[in-house]
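Colleague: Since each chain comes alone in its own frame, lean on the hints to assemble the complex.
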Amino acid sequence: MQTTSDEVLIARIASGDRLAMQVLFARHHVHVYRFVLRLVRNEATAEDLISDVFLDIWRQAGKFEGRSAVSTWMLSIARFKALSALRKRPETELDEETAERIEDQADDPETALAKKDKGVLLRQCLTALSAEHREIIDLVYYHEKSVEEVAGIVGIPEATVKTRMFYARKKLSELLKERGIDRGWP
Amino acid sequence: MNTANKETQSEIEELLPWHAAGTLSRADARRVEEALASDPELARRYAMVCDEFGETIHLNETLGAPSAHAMEKLFAKIDAEPARKAAVSLNLGMRVAEFFAGLSPRTLAYAGGAAAIAILLQAGFIANIVIKDKSAGGYETASAPTNPPAGEGAFTLIRFAPQATQDDVTKFLEANRFSIASGPMDGGLYKVRVSMTGLPKTDLAAIVKKLQSDKVVGFIATTE
Chain R
1 MQTTSDEVLI
11 ARIASGDRLA
21 MQVLFARHHV
31 HVYRFVLRLV
41 RNEATAEDLI
51 SDVFLDIWRQ
61 AGKFEGRSAV
71 STWMLSIARF
81 KALSALRKRP
91 ETELDEETAE
101 RIEDQADDPE
111 TALAKKDKGV
121 LLRQCLTALS
131 AEHREIIDLV
141 YYHEKSVEEV
151 AGIVGIPEAT
161 VKTRMFYARK
171 KLSELLKERG
181 IDRGWP
Chain V
187 MNTANKETQS
197 EIEELLPWHA
207 AGTLSRADAR
217 RVEEALASDP
227 ELARRYAMVC
237 DEFGETIHLN
247 ETLGAPSAHA
257 MEKLFAKIDA
267 EPARKAAVSL
277 NLGMRVAEFF
287 AGLSPRTLAY
297 AGGAAAIAIL
307 LQAGFIANIV
317 IKDKSAGGYE
327 TASAPTNPPA
337 GEGAFTLIRF
347 APQATQDDVT
357 KFLEANRFSI
367 ASGPMDGGLY
377 KVRVSMTGLP
387 KTDLAAIVKK
397 LQSDKVVGFI
407 ATTE
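From first to last, the protein sequence lines are chains R and V. Here the first sequence is numbered in this note's numbering, starting from 1 and rising by one per residue. Here the second sequence is numbered in this note's numbering, starting from 187 and rising by one per residue.
Extracted from the complex, chain V is given alone in its bound form (with noise of 0.2 Å):
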């Protein structure tokens, strides 16, 4: 390997962390997936980041909440404060604001349309999956449920690839049999289940590593 490339595989190892959040432009996300698609070794590591990834997460999320006390005392400070005059002239935000609520209706609804297509989509699909998933059967009887009760089950969390289409995820989630229980949740993430019955975690960490390189899966981690 030349010194040109080993500085550019370099340059693409440190950007993994923003790739498995999700916070890379779209030129960079472009490029980083180019060199996972050729590179093993490099997908390899990008797995451990997904596995810092999701661990930190779980760390953050088990750190609970302030009481309800901070709040109080937040309010008390700022009633202690001298009574503030109305803002005399607008600051950007709010011009920027303004500037929006000036606008027609019409052109507002082409500019933010255009702008949260591409996110909602993806979020509409899904849920477009999900309802076409629990209405198929058309009639059910209460002793054969088609579906485990929630929270029966093993699961992951999966956050599908920016680039996958409503038919990419259908076929993914039909060809693994997986069904997603719940979502999206922050970060885009879905709870999908992988087994009908719980799984020891070896073999959910096996799973896991296999649709680590499905093109479909942005991030996936194991969860409860």
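Same shape as in the complex, but just chain R (with noise of 0.2 Å):
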């Protein structure tokens, strides 16, 4: 079965076509949404997002030069509309945030050990880990993009994409150390 690329969809859409924006929202307001929601750590906020974000791509197909994928393209959209509902969250949510986190590393090893295996301690480490470096590991796990799409996304150049995501990495190694677990890197 062949499916219309998201190019295509994205012209219609600049034409005003709503089913176009229904087929283009179901295929990836999942993708958006969770990466929306890593950043954020609001399910609410992310909902309240995910539709800002359409609308910005409705409003916007027209000026979609075709630089980048689509999908690209929408995860730069969420960022920036990520980054600004951070930015007017008030104080206090932030202060539970990092309670949260503080309250997650006070398990000593030995108990964490023996109550979670590697993989629940890594996803515990995963989330634990910087609004910055969360985002960069996400996406290149995750929403698959490459070097040079990650910069496109997050504004930065391709060298420091590579460097950004060995320091998320490093970060990473620290927490699980902070737990118990010693990878022996870096």
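Worth flagging that the hints you see were computed from the coordinates, not collected in a lab. The beta carbon of each residue, even a glycine, is placed where N, CA and C say it ideally should be. Don't take each hint at face value.
To be verified - In silico lysine-lysine, DSS-like type, Cα no more than 30 Å apart, as pairs:
hint: 1; chain 1: V; residue 1: K387; chain 2: V; residue 2: K401
hint: 2; chain 1: R; residue 1: K118; chain 2: V; residue 2: K395
hint: 3; chain 1: R; residue 1: K177; chain 2: V; residue 2: K396
Unchecked claim - Covered stretches of chain V, as calculated for chain R (at least 3 residues, CB under 8 Å):
hint: 4; stretch: 204 to 218
hint: 5; stretch: 233 to 239
hint: 6; stretch: 250 to 260
To be verified - Every beta carbon over 10 Å from chain V, so not counted as near; a handful from chain R, in silico:
hint: 7; residue: R79
hint: 8; residue: A85
hint: 9; residue: R87
hint: 10; residue: K88
hint: 11; residue: R89
hint: 12; residue: K118
hint: 13; residue: E174
hint: 14; residue: E178
hint: 15; residue: G180
Modeller: Next up, the structure:
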């Protein structure tokens, strides 16, 4: 079965085709939602942002020039919306988030190891990373974006993408070590 | 090790996450594969990257999805937008789409076929393996199934190496007595049954570790 490409859908959206908008939304909204949710860490906010992101796509479809994949363009818009929402977030919410992270680290390594297997600990550490590090890890591993695409979404040079990913992974190793798992790297 | 070698090693190491995700260019992927084959320490670090890759997918897949209200909200906002005039000039995407629409079916068939064949070949031959596997017995009694019910057994998620041929994958599955339970999923992953019965996590992890170095395997992780 042949499916309509994202580029053709965007061209149809640019001429006001609502059905094309529904198809594009159905195809990408879960991935965009998860990307935003990992940044803002609030389901209600993430859900609100999804409709804003796709409304921007509806409005700007005519300006899409096809220099990147549609999914890359959508993640750029989603990122901008998520960071704007984070800047508006009250400080009390941020404090709660910080408290949760501190609480996560409170278990002594032996207790943590006894309770959880390595996969659970790894996921816990992935959640405890900073927004900047979570973002790059998700873009590379989950959204399967190349170095060039990540550079386009985040707005940084390709060399910085590689070093930021390296430091995100280094931080992950440090968090694992705090929880009793020494990966022997870096 | 001299400075130039160290720099190359560090460059290669930075590419490992993209190698695990399958988003490197063919040339870079080849460089990484050659380095992995000759450097055990790099291979060990790549195993860590594969763990991170698998757990990041697991984490994101458990995040759920937005409610149906998100779509309702979006279209309510779109309805409130001023009516849009049809675009007068076609943008680049439309022009490209129009270009392909203007090609004869035969030209399109050759061009599209050449581009798609590499991608489809592997999925096709793996489907072939599954079908052959299922029809191999010919006759089967209801009381003595040759395969366990779906969901029973121990499983891994595997993405086969891009260069692996049908023959390589068949031999790999037969040699290890594995079978493909489902796939391909997002990212070209297959759910592969590695044992007819459930295995302790440590045994399954040992199997995954052993298979990470197999040239047929591009990525492997445990799954339920």
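Colleague: Compare the structure with each hint and give your call.
Modeller: Hint-by-hint comparison with the structure:
Restraint check: the Cα-Cα separation between V/K387 and V/K401 comes to about 24 Å, which is no more than 30 Å; the hinted pair holds. A distance of roughly 14 Å separates the Cα atoms of R/K118 and V/K395; the hinted pair therefore holds under the 30 Å criterion. Of the supplied pair hints, the one linking R/K177 and V/K396 holds, its CA atoms being roughly 24 Å apart against a limit of 30 Å. Taking a C-beta to C-beta cut-off of 8 Å, the stretch 204 to 218 of chain V contributes 6 residues in contact with chain R, enough for the three needed, and the coverage statement holds.
Note: the stretch 233 to 239 of chain V has 5 residues with beta-carbon separation from chain R under 8 Å; the three-residue rule is met and the coverage holds. Against chain R, the stretch 250 to 260 of chain V contributes 9 residues with a C-beta closer than 8 Å to a partner C-beta. That satisfies the three-residue criterion, and the hint holds. R/R79, annotated as away from the interface, keeps every beta carbon of chain V farther than 10 Å; the closest lies near 16 Å. With a cut of 10 Å on Cβ distances, R/A85 stays outside the contact zone with chain V, its closest approach being about 15 Å.
Distance check on R/R87: its Cβ is at least 22 Å (rounded) from any Cβ of chain V, clearing the 10 Å threshold; non-interface status holds. At roughly 19 Å, the least C-beta separation between R/K88 and chain V is larger than 10 Å, which holds for a residue marked as non-interface. Once the 10 Å rule is applied to beta carbons, R/R89 is consistent with being away from chain V; the minimum gap is 19 Å. Once the 10 Å rule is applied to beta carbons, R/K118 is inconsistent with being away from chain V; the minimum gap is 8 Å.
For R/E174, the requirement that its beta carbon stay farther than 10 Å from each beta carbon of chain V is met, with the minimum near 13 Å. The non-interface label for R/E178 is consistent with chain V: the shortest C-beta to C-beta separation is roughly 17 Å, beyond 10 Å. Every Cβ of chain V is farther than 10 Å from the Cβ of R/G180; the closest lies at roughly 16 Å, confirming the non-interface assignment.
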